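There are 2 protein chains.
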Amino acid sequence: MSVEDALIFDEDGLIPAIVQDVHTGEVLMLAYMNREALRLTIETGETWFWSRGRRQLWHKGATSGHIQRVIEIWYDCDGDALLVRVTPAGPACHTGERTCFFRRLPSRDKPGREALPSTIPSHR
Amino acid sequence: MSVEDALIFDEDGLIPAIVQDVHTGEVLMLAYMNREALRLTIETGETWFWSRGRRQLWHKGATSGHIQRVIEIWYDCDGDALLVRVTPAGPACHTGERTCFFRRLPSRDKPGREALPSTIPSHR
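Residue numbers (this note's numbering), protein chains in the order written: chain A, 1 to 124; chain B, 1 to 124.
It should be emphasised that the hints constitute simulated quantities derived from the structure, not laboratory data. Note that the structure is a prediction, hence the values are computed from the model and not measured. Accuracy of the hints is not assured; some may be wrong.
Restraint ranges, calculated between C-beta atoms of paired labels, are given here [unchecked claim]:
| # | chain 1 | residue 1 | chain 2 | residue 2 | range |
| --- | --- | --- | --- | --- | --- |
| 1 | B | Gly90 | A | Leu57 | 36 to 46 angstroms |
| 2 | B | Gly90 | A | Thr24 | 20 to 30 angstroms |
| 3 | B | Ser51 | A | Ala62 | 36 to 46 angstroms |
| 4 | A | Thr87 | B | Val22 | 36 to 46 angstroms |
| 5 | B | Asp80 | A | Glu72 | 18 to 28 angstroms |
| 6 | A | Asp78 | B | Gly90 | 16 to 26 angstroms |
| 7 | B | Asp80 | A | Arg98 | 16 to 26 angstroms |
| 8 | B | Ser51 | A | Asp12 | 15 to 25 angstroms |
We put the CB at the ideal spot given by N, CA and C, even for glycine.
The task is simple: from the sequences and hints, build the whole structure.
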């Protein structure tokens with residue numbers, strides 16, 4: 001039995017994978033792996049995911065060149081989430097942003113302050 | 001329309017929330033929020049989640065005292081994941097570990113090295 005067998009994949013055969021820049025600590029994206037994507041990630045040392053929208057394996061950076069070199073993979077206490085620490089070759093986000101988390105929710109203390117105001121949904 | 005309305009909750013009404021220590025950059029846990037948990041998180045400034053196992057709202061730290069003070073909340077390009085940056089009052093994990101991601105998958109380069117060998121599932 002391998003450690004991978006201890007991981008819990010959901011009813012769709014997926015496990016969420018947090019991708020973090022190992023150098024800056026920045027959280028880059030959240031994506032999903034199936035067993036095959038995880039196997040390919042471990043074997044190739046670059047991130048692979050399962051695209052839920054396109055329903056296919058997705059080698060991150062295959063078209064953009066912005067691959068993510070895997071440094072280490074951690075799994076959580078429940079075995080149902082992964083933390084993939086990487087060295088990214090470029091922006092993680094398809095928008096060109098370094099991280100997919102580039103918009104902030106308004107809070108009581110800091111109402112409406114956002115990284116990119118133009119991308120915020122309309123407020124009425 | 002509020003920004004929260006732009007978020008995409010899945011068919012179970014949930015959105016995954018990555019919790020990160022704002023000071024160390026350490027990823028602490030992955031949990032899930034429904035709209036009510038997100039509302040409570042924003043209102044109280046402390047993390048609330050939806051426990052999928054217990055099927056109830058869960059105020060992180062309510063029993064342990066290890067609450068997580070919310071500094072800022074980011075959402076991703078698809079609007080289907082949150083990044084909650086916090087100041088934790090104690091360990092995030094119910095095991096007493098600082099982060100729930102305390103076990104590492106073996107890799108080709110570093111086979112089998114783990115943070116806590118005793119917690120690794122049996123290998124046969």
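Quick rundown of the hints versus the structure:
1. B:Gly90 with A:Leu57: 36 to 46 angstroms: Distance hint for glycine 90 of chain B, leucine 57 of chain A holds at roughly 40 angstroms.
2. B:Gly90 with A:Thr24: 20 to 30 angstroms: holds (26 angstroms)
3. B:Ser51 with A:Ala62: 36 to 46 angstroms: Because 37 angstroms falls inside the window, the suggested range holds.
4. A:Thr87 with B:Val22: 36 to 46 angstroms: violated (22 angstroms)
5. B:Asp80 with A:Glu72: 18 to 28 angstroms: At 26 angstroms between Cβs, range holds.
6. A:Asp78 with B:Gly90: 16 to 26 angstroms: holds (19 angstroms)
7. B:Asp80 with A:Arg98: 16 to 26 angstroms: This hint holds: roughly 19 angstroms between Cβ atoms.
8. B:Ser51 with A:Asp12: 15 to 25 angstroms: Hint holds: Cβ distance 20 angstroms, inside 15 to 25 angstroms.
Consistency note: the structure conflicts with earlier hint 4 alone.
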